[in-house]
Amino acid sequence: MYLNIDNISKSFQRQDEQQLKALENINLEINEGEFISLLGPSGCGKSTLLSIMAGLSKPTSGSVRLENNIITEPGPDKSMVFQEPALFPWMSVKENVTFPLRKNFSKKEQEAKAAEYLKMVHLSQFAENYPHELSGGMQQRVAIARALAMDSGLLLMDEPFGALDEQTRQVLQDEVEKIWLDTKKTIVFVTHSIREAIKLSDRVIIMSARPGTVISDFRVNLNRPRQQKDMAALEEDVMAILKTEIENVMKEELQYAGSR
Amino acid sequence: MPVVVKRILFFVALILIWQGIFLLGIWPESMIPGPLTVAETIIAGFVDMTLVYDIVASFRHLLIGLAVSLVIGTLLGVLLAKVKTADETLGTMILALQSVPSIVWVPLAIIWFGFTEASIIFVVIIGGTFVMTMNMRIGIKNVAPIYLQAARTMGSKGMDLFMKVVVPASIPHAVTGVRLAWAFSWRALMAGEMLSTGPGLGYTLSYASDFNNMSLVIGIIIIIGVIGSIVDQLIFQRIEHKVLKRWGMEEAA
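Chains as they are written, first to last, in full-length UniProt numbering: chain W, 1 to 260; chain S, 1 to 253.
Since the hints were made in silico from the structure, they are not lab data. Note that the coordinates shown come from a computational prediction; the quantities given were computed from them, not determined experimentally. Treat the hints loosely; a few may be bogus.
[Said to hold, decoys possible] Looking from chain W toward chain S, a few residues come up when the C-beta cut is under 7 Å (computed): (1) 12; (2) 62; (3) 70; (4) 76; (5) 80; (6) 86; (7) 90; (8) 100; (9) 211.
Even for Gly, the Cβ is constructed at its ideal location relative to N, Cα and C.
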């Protein structure tokens, strides 16, 4: 198995000294080349799980293995795209893309790779621009190019289009799908959009909140590129599962607010 | 009406009012000289080069002192941001020192260094260091966590992470620190020079006062104000604006 998530639990110390269980006993097996979405209401720990996979945070118990190596810290074997573009504003677009390449590649190779990946996200003419000169969607494209430039097998995406408007979001979804078809990377994609998950993924993991657990794990067997009419039935099923979840979260939050 | 025109009209009106008060003759000329006399004094000072020497001397004190204060301030700022114990102890002291007016250091400097340029430079250094320290500290502490996370996922850590991400990310605060350090140093410089034995603008100012040369007193005050605002607006505010724009912290103008 390419990526194994074994019995991951994660608790946070809350301000009032209580333990907040963000994740409880998560087990997943992910195949190489799979496009997998983690879907759930806010607070279900899907971003926490992704950040553990990235090596950015440590699980309270359990482990993540990538090609049988336990992930303990961030590294070149996995790359990540955040909800914010997280570009360095003092660097040009090209310098941002070559940032992860500085140590292992010559100047010439870096240039070539930057050109290649910027072309892939249709930003070739903007290589010399600075991030503040680009729109939000373009910035996120640069972030994707930067992650691709690392050329790791595993690409982790944490609600990458969450802050974008609907049109831009759809265009970027199509681009990511195309990049995935071309590069055959393994993508773990966190989202709270049911449609986005169904449109892009081979497999959707639905998570519940507090504590975050896996409540459903199913494959999406629709032809790509997926059409709205084919996705509708599946969307409704998922909505039904999530509806009770979201209601529970709302109830709990109201109770918590009321008890203070 | 363009801002420039408004400003010119304002200063013209101000000078006219000044001239009017002068012509009314309520106060003797030794207390309120007319604008023309002041202008003549300034021009005479530039023609016989005495004011030029003073300005050059003042800038020499300032640049040496400011440069040293920026280096010390930056290093102290990094120390406070990185070492918690240093922040909790030394940090408190620097915060206290920051609230001590620069002129307070002049008597101490005179005892340590005598009536020398070293005294003035010492006061200038003290004037600029602490404000630079506090800004550098904030700059490094306030680096957006998302930059650090992104850099770490790209394999950057330790010294590389610090030099390539933390330092550049803190530049906007550092630039503000430099601008404030310049402003504080400039004030400290005048305090130091007024109690010195020259040369320098501050020295000539107190010398003119001792000899009741009111037009030179006012002339030098004007020169100090003009230099201060030119450096601040034409140099530092522009740099700050450019940096903030590049760093995405200010809308493009």
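Original post:
Where does the structure disagree with the numbered hints, that is, which hint numbers, in rising order?
Top reply: 1, 2, 3 and 9
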